[in-house]
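> All residue numbers for the sequence shown refer to numbering that gives the first Met the number 0, where the first residue is 0 and numbers rise by one.
Careful: at least some of the hints might be erroneous.
Using 30 angstroms as the maximum straight-line C-alpha spacing, the simulated DSBU-like pairs for lysine-lysine come out as follows [what the hints assert, rightly or not]:
#1 Lys62 / Lys78
#2 Lys14 / Lys54
#3 Lys62 / Lys14
#4 Lys15 / Lys54
#5 Lys62 / Lys15
Since the hints were derived computationally from the structure, they do not count as laboratory data.
Nothing here was measured: the structure is a model prediction, and the numbers come from that model.
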Amino acid sequence: MSARGDCRASACTHKKSYSFSRARELARAVSRRHEEPMQAYHCVFCHAWHIGRPKQVRVALEKHERIERRRRREAQQEKIEP
0 MSARGDCRAS ACTHKKSYSF SRARELARAV SRRHEEPMQA YHCVFCHAWH
50 IGRPKQVRVA LEKHERIERR RRREAQQEKI EP
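Produce the entire structure from the sequences given, and follow the hints as far as they go.
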């Protein structure tokens, strides 16, 4: 499988496709309901619209998760060391 095919599989496989107006409407509703920013975006692979977190939010969440994993590892290492 090509690199582009790999990206498409990870980008679209489990996502629902919408028209622009429906994706925008759903993103707004989910944002209000969960008090978390969501946005509609155009998929370069399937050419439909999906909804997801804005990039800045994803980057911040990934950074937070990396920090938490590191803290857990360090805490485990402290327990192991005499």
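> With reference to the structure, classify each hint as holding or not holding.
Hint check:
1. With a C-alpha separation of about 25 angstroms, the suggested pairing of Lys62 with Lys78 holds against the 30 angstroms cut-off.
2. For the proposed pair Lys14 and Lys54, the alpha carbon gap of about 17 angstroms is at most 30 angstroms, so the pair holds.
3. Proposed proximity of Lys62 and Lys14 is supported: the alpha carbons are some 24 angstroms apart, at most 30 angstroms.
4. A C-alpha spacing of about 19 angstroms is found between Lys15 and Lys54, which places the hinted pair at or below 30 angstroms, so the restraint holds.
5. In summary, the hint linking Lys62 to Lys15 is supported, as the alpha carbons are separated by about 26 angstroms, within the 30 angstroms threshold.
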